[in-house]
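Novice: If you count by full-length UniProt numbering, then the sequence shown holds residues 1 to 146, one letter each, in order.
For the record, the hints were derived by calculation from the structure and aren't laboratory data. C-beta: ideal position from N, C-alpha, C; glycine also. A couple of the hints might just be wrong.
[As the list claims (entries may be wrong)] Pair by pair, the computed Cβ-Cβ distance ranges are: (1) Pro68 x Ala123: 44 to 52 angstroms; (2) Gly55 x Arg94: 29 to 37 angstroms; (3) Gln98 x Asp60: 31 to 39 angstroms; (4) Asp69 x Ala123: 45 to 53 angstroms; (5) Val29 x Ala83: 30 to 38 angstroms; (6) Glu34 x Gln98: 40 to 48 angstroms; (7) Gln98 x Ala7: 22 to 30 angstroms; (8) Ala108 x Arg18: 54 to 62 angstroms; (9) Pro68 x Leu43: 28 to 36 angstroms.
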Amino acid sequence: MDISEVARRTGLPASTLRFYENRGLIAAVSAAGERRRFAPGVLDQLALIALGQAGGLSLDEIQAMLAPDGALRVDRQLLLDKADSIDATIKRLRAMSQGLRHAAVCPAANHAQCPTFQRLLKAASGRVKQSRTAPAVAKKKNAIRS
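Please put together the full structure from these sequences, using the hints given.
Specialist: Set out below in structure tokens:
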């Protein structure tokens with residue numbers, strides 16, 4: 001099928017398909033210089049790419065799991081690590097959601113007097129502080145390794 005048919009079936013713009021081809025994630029079956037044509041299996045490859053991206057995988061990580069023939073080589077440890085990361089994010093977001101819901105209905109006259117809201121602020125300030133210092137810590141660790 002030609003590139004316009006793949007674009008129509010997947011909802012991806014042709015530019016994305018060309019980008020994926022240049023990255024080696026998918027391969028055209030047409031000769032160079034001709035209109036790009038793809039084997040029907042490209043739809044499954046594109047679905048795998050979309051699934052990987054939805055799961056937080058980078059294109060490099062996805063590419064490492066695709067053999068040159070398009071077969072899937074699953075890195076099980078990478079998938080477990082991503083699942084753990086997603087679980088941690090969900091846990092953090094649930095706590096944030098509960099804190100926000102409490103703040104919305106808190107009976108305290110002033111949120112500054114609410115212990116639950118104060119814990120929420122403290123947790124948020126810890127993340128801000130951590131995100132500001134994380135690059136410096138990583139830089140120091142890399143300097144030590146060098």
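Novice: Any hints from earlier that this structure breaks? Give me their numbers in increasing order, please.
Specialist: 2, 6, 7 and 9
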